[in-house]
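Protein chains: 2
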Amino acid sequence: MWADLAAIGKDPSSGGYHRGGWTPTERACTEWFTTQCTTRGLSLESDGLGNLVAWWGSTDVPGVVTGSHLDSVIDGGAFDGPLGVVSALAAVDRLRAEGFVPSVPIGVGAFVEEEGSRFGMPCLGSRVATGVLTADKALGLKDRSGVPLADALSELGIDPAGVGPSPLLERMGTFVELHVEQGRALTAPVGVASAIWPHGRFRFTFTGEANHAGTTLMEDRHDPMLTYAMTALAANKQARLAGARATFGRLSVEPNGTNAVPSQVTAWLDARAATDEVLQSLLSAITRQAVERAERDGTSVEVTPESVSPIVEFPSGLRDRLAAVLDDAPVLPTGAGHDAGVFSDAGIPTAMLFVRNPTGVSHSPAEHAEMDDCLAGVDALAAVLKDLAK
Amino acid sequence: MWADLAAIGKDPSSGGYHRGGWTPTERACTEWFTTQCTTRGLSLESDGLGNLVAWWGSTDVPGVVTGSHLDSVIDGGAFDGPLGVVSALAAVDRLRAEGFVPSVPIGVGAFVEEEGSRFGMPCLGSRVATGVLTADKALGLKDRSGVPLADALSELGIDPAGVGPSPLLERMGTFVELHVEQGRALTAPVGVASAIWPHGRFRFTFTGEANHAGTTLMEDRHDPMLTYAMTALAANKQARLAGARATFGRLSVEPNGTNAVPSQVTAWLDARAATDEVLQSLLSAITRQAVERAERDGTSVEVTPESVSPIVEFPSGLRDRLAAVLDDAPVLPTGAGHDAGVFSDAGIPTAMLFVRNPTGVSHSPAEHAEMDDCLAGVDALAAVLKDLAK
Chain A
-2 MWADLAAIGK
8 DPSSGGYHRG
18 GWTPTERACT
28 EWFTTQCTTR
38 GLSLESDGLG
48 NLVAWWGSTD
58 VPGVVTGSHL
68 DSVIDGGAFD
78 GPLGVVSALA
88 AVDRLRAEGF
98 VPSVPIGVGA
108 FVEEEGSRFG
118 MPCLGSRVAT
128 GVLTADKALG
138 LKDRSGVPLA
148 DALSELGIDP
158 AGVGPSPLLE
168 RMGTFVELHV
178 EQGRALTAPV
188 GVASAIWPHG
198 RFRFTFTGEA
208 NHAGTTLMED
218 RHDPMLTYAM
228 TALAANKQAR
238 LAGARATFGR
248 LSVEPNGTNA
258 VPSQVTAWLD
268 ARAATDEVLQ
278 SLLSAITRQA
288 VERAERDGTS
298 VEVTPESVSP
308 IVEFPSGLRD
318 RLAAVLDDAP
328 VLPTGAGHDA
338 GVFSDAGIPT
348 AMLFVRNPTG
358 VSHSPAEHAE
368 MDDCLAGVDA
378 LAAVLKDLAK
Chain B
-2 MWADLAAIGK
8 DPSSGGYHRG
18 GWTPTERACT
28 EWFTTQCTTR
38 GLSLESDGLG
48 NLVAWWGSTD
58 VPGVVTGSHL
68 DSVIDGGAFD
78 GPLGVVSALA
88 AVDRLRAEGF
98 VPSVPIGVGA
108 FVEEEGSRFG
118 MPCLGSRVAT
128 GVLTADKALG
138 LKDRSGVPLA
148 DALSELGIDP
158 AGVGPSPLLE
168 RMGTFVELHV
178 EQGRALTAPV
188 GVASAIWPHG
198 RFRFTFTGEA
208 NHAGTTLMED
218 RHDPMLTYAM
228 TALAANKQAR
238 LAGARATFGR
248 LSVEPNGTNA
258 VPSQVTAWLD
268 ARAATDEVLQ
278 SLLSAITRQA
288 VERAERDGTS
298 VEVTPESVSP
308 IVEFPSGLRD
318 RLAAVLDDAP
328 VLPTGAGHDA
338 GVFSDAGIPT
348 AMLFVRNPTG
358 VSHSPAEHAE
368 MDDCLAGVDA
378 LAAVLKDLAK
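Top to bottom, those sequences are chains A and B. What the first sequence shows, in this note's numbering, is residues -2 to 387, in sequence order. What the second sequence shows, in this note's numbering, is residues -2 to 387, in sequence order.
In isolation and in its complexed conformation, chain A is listed as follows:
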């Protein structure tokens, strides 16, 4: 299965993956998933947005769903997402080979646009499915070319009218997502998630005045690039001080000409911290420094929250049960957002398994997990499913 997916959407020069939601490469992964499920005789169901769950066993009663996502960040790694989907199918294969007969159905899920790399909204599929994001808002989201989600769906023959809270979730009694760990915190092959850090995406719009780069005196300028540059350095410093994370990884400059002082710099801050309070005070500290610098530069800065997710604490009973099944596997929080967090917030009993990441590198072509650890992940997931569906 890993070999099947290896080539889809891979940039030959960087080695990274490009699988934005509803793009041809992501669709190819979905096609592959569909084939895998039908070949196994699983009963595949889709909701109006394209979230998929393939059932093993009766679909009359709620069951245990496991899975993850097939989309990627821009130039991302091979493991983030697909590892959870492939491991879910492999775990089902394992249980069937053992002759295990589940008492409740087991579903294998693949949820769309988890990374938000195309439409800017992380966990888009699970947010729409749970209803925390309305169909209207979702359909109006635009990609970087200005294409609204509604048009992207229509082009693929998907009727935007069908988008909304997902009937698939009615039978999701429990959800377990296996995922590659994305830091270096996990030293055993497999661990269990305790929580997802609070996470915010904030758009910083720095506005100044375009001008000639050669003739405008330095002291006459209102250059928003300087305000941005100071803010980027401040964000890094404040995150270090707070034991948190702050990243400016996406930027848009107007007019973006070599010989013009920019009129506007738009920069997206990704900020995460162990608690909601620390996240809020981190944002406040960065904003304050941006505003102070803007006064000095004669520019202005506007901060718009694009998405803010409070802390997700996975239910402790389920978490402890998984850890016990896995011989007291380590329990740890993560700074990365996941569909599991959205489902947990929606009241679905949810847990996560992490597979060790030896370098901690993620969202990068260099993302890696050892094959032995991946196989340990399949073992662990199979054991957990067996326990939950016994």
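Treat the hints as calculated values from the structure; they're not laboratory data. Be a bit skeptical, because a hint or two may be false.
Same chains, same names: a pair is fine if it fits in one copy or spans any two.
What the hints assert, rightly or not - Result set (DMTMM-like, lysine to aspartate or glutamate): computed pairs, CA atoms no more than 25 Å apart in a straight line: (1) 234 <-> 206; (2) 7 <-> 251; (3) 234 <-> 217; (4) 7 <-> 206.
Based on the hints, put chain B in the right spot on chain A.
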């Protein structure tokens, strides 16, 4: 004439102009110019790249050419370029109405892609015409979509084989370019140029390691955005200290995703100073600070000169003659590059007239010149042409 051009390539929201070389809007300006010349019975000649000179009078002997360019920076002002072309036509109209009979031909010129906003090379038309840029190099330049100039020309039915040193220049005995001033240094309606500051464009490539924005510890990162941010602030400070100009106005981020630490930031430095020595020491100071910061960030930085133009000192005899004709008009240098600088370097006796810019704003939708000053510019240009062609 001003009203004719006002709407072409204007962004209705910003009010700025988008007239990149060989784009439909720039072509529309060229069409307009062609019509203006033929309507006046001027004899229009083009070279293989699309530089144009329209002659009044015999074309057997070298004459006096005046004019400027019709392309714009991205979201630029109305005056930069077109003012020189419109004033040239208006000055010819004025001289004809007066019954002036020139002893040498007078040419009105429009030179392509002066701003370099599409193919990244300022004064592209004049550089190719004079032979300082070879046809091979020019044709291989690519726009931001990756389209080579050769293909852009072919698409318009222009044979790339015809690109090269321009026969038009053989009859350019003298060149006078009228241009809106681009700083606030000129306090009279019209002035005469003494020199063009040395000017360099340098590409700074900051390379780090892509990683997950949520899970990667701040201390584990190799974030090239931080190295860039410090360099942008350093450039500003060093330019202030040197009485020079340094601008980072164009940026490209890879992968440019909100939730990924960038792997690479490419930033273009536009640097100008009063002398070649100051420009060189400015670049050295900025580069040194970039390299020091890169060591701290665990990133690397590579600096590539894309174009470096030494100081242009316009010939003093011609300059003083113009100033005398204009009742001792002020003489001043400029930080902006112009085709006039390229022609002067190629040994063509060249001068420039500046029209006052009350705010000093240029390369911006807010660029402005008062109508009275523009008319004074036409008067001045007519007087200069009359003197040079008497």
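Hint by hint, here is what the structure shows:
Within a single copy, residue 234 and residue 206 get their C-alpha atoms only as close as 28 Å, which misses the 25 Å cut-off; across copies the closest is 19 Å, which meets it. Proximity of residue 7 and residue 251 under a CA criterion of 25 Å is satisfied inter-copy only: 16 Å between copies versus 30 Å inside one chain copy. Only between protomers do residue 234 and residue 217 lie at most 25 Å apart by alpha-carbon distance; the minimum there is 14 Å, versus 29 Å within a single protomer. Taking identical chains as interchangeable, the C-alpha atoms of residue 7 and residue 206 lie at most 25 Å apart only when they sit on different chains, with a minimum of 18 Å there against 40 Å within one chain.
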